[in-house]
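Once you have looked at the hints, place chain Z on chain V.
Chain residues, written in single-letter form:
2 protein chains.
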Amino acid sequence: MNKRGPPCELITIGNELLSGRTLNTNAQWLADILTKLGGTVVRCTIIRDELSDIVSSIKESVQRGTIIIITSGGLGPTYDDTTLAGVALATGCELYVNKTALGHLEERYKSMKKKGLIVDSEITPPRRKMAKIPLGSQVLKNPLGSAPGILLSYESSTIICLPGVPDEMKAIMLKRVVPILKKRLPKFYRVEATIQISGITESVLAPILDNVLSTVKNIYLKSHPMGFEDGISKIDIEIISSSLRRNSSKGSMDLASLGLRRQIEEKGGHILKIIKDSNR
Amino acid sequence: MNKRGPPCELITIGNELLSGRTLNTNAQWLADILTKLGGTVVRCTIIRDELSDIVSSIKESVQRGTIIIITSGGLGPTYDDTTLAGVALATGCELYVNKTALGHLEERYKSMKKKGLIVDSEITPPRRKMAKIPLGSQVLKNPLGSAPGILLSYESSTIICLPGVPDEMKAIMLKRVVPILKKRLPKFYRVEATIQISGITESVLAPILDNVLSTVKNIYLKSHPMGFEDGISKIDIEIISSSLRRNSSKGSMDLASLGLRRQIEEKGGHILKIIKDSNR
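These protein sequence lines are chains V and Z, in that order. Each residue of the first sequence is one higher than the one before, counting from 27 in my numbering. Each residue of the second sequence is one higher than the one before, counting from 27 in my numbering.
Bound conformation, chain V alone (with noise of 0.2 Å):
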């Protein structure tokens, strides 16, 4: 069994992702960076702008103990932005304004009057709702927008809010999220490659990786289908291995490889190429 970072889950926020109008690529962004810091992704889950569902997910992701929880979406200052709104109903905490975050509003608001970008700076009811969070949060100020981001602990997890604003949101996470998630999480070895194969279908490899995974130690495969191309069945196979010893990391990958190219060549199947990663 491939060796596993903390169980994380995202939860973004967004009718937009619903209806098919917004492809959602703060998730896989959010997933990407999780999986490299060492952590595992188990559970995304992607609603509607709306409060019941919104306390309801954050509550059913602190019940399965996820340790790290980011929610993309909903910090904004509409009527439909509420996602603090809804962090402090699943956790009992109060909203409350919060003095560092309505500092940043005033200053930046301050700053874009002085810009000439708007004409009157005063802290509006929609302006001061962005800065009313959960008690016991921490705030995370947003370098690129208004809406602060915030980091609140309860129970086991880590309930991490970001703008569902991709550049905020990637701003936010990269600056003040992934420093605190760094010491946080532990520090796997992880190596990566994709075979790509031709030759034999998707049933013919399967007691291949059955085998593959039942001898070695510290992997992970997963064959994802291509199609056939000039009749010719191609087959990309995903390799992960990780481990917390760098050594036995790249041990277990060689072998797999090893394992999984002398059946897949004796099966009448050829290897096209192999793709290593050890970045992630």
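Treat the hints with caution; some may be incorrect.
Copies of the same chain look alike in the list, so a pair counts if it works inside one copy or between any two.
Only pairs whose alpha carbons sit at most 16 Å apart, straight line, appear in this in silico EDC-like list of lysine to aspartate or glutamate [unchecked claim]:
1. Lys-208 - Asp-58
2. Lys-276 - Asp-303
3. Lys-302 - Asp-280
4. Lys-62 - Asp-146
5. Lys-141 - Asp-256
6. Lys-260 - Asp-193
Because the hints were derived from the structure by calculation, they are not lab data.
Relative to the frame of chain V, chain Z by itself:
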């Protein structure tokens, strides 16, 4: 409030969707088609290739009273393809080898052998596994691949399982599932528009949205901030009007557009462009 179709949910299955490897285009495609057919996609759950996660996510969705549940992924011949086993456990329906599904597989492998695509057309255990479906399911023949889909009615839900390979998923959905859903889902008249505006920020727009929502029937509004361009704030406002009568959908859309336009201009904003889409 915007009129809503019956609640639909998506469950997309695959470790590659949670490791950052693969962008979940299946979820967007399915959400788009369900929305166009008159359903309301209320949740999408992305889970790993784990039997226990498949079982729990299907149970949870049924318990929420979801009318249409569509899964994608996990129907193939390899060890980690366990979607139908999960559906069987979640619904208490036994798995059995379905003769129709087995017939399709025999036919397919014979034809592939004839074309020289495979060496052996024997129905090996991994191939036979794809014909094992929950008792009471309807087989949805796969015109492009081996693994069939299924449709199973359970409590108030219809559970539809599709492959994860996008072309196969789309082919079964369009050919087998859409005709069934067309009969089951109500015909909503849905009009959509996007108003692109500039010159005011989202926090200034917020009370305008509140005002229009509280005065116009059958309307949904959402602001999508598009950042600043040459120092000017840009926002896309999504408007959806849907109702069971065509005239009231169109009437509400006209009224909402008019109301937004007037109030935005009063606050010093500008209407850049109105994009209408009445096909959805």
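Broken hints, by number: Per hint list: single violation, 4.
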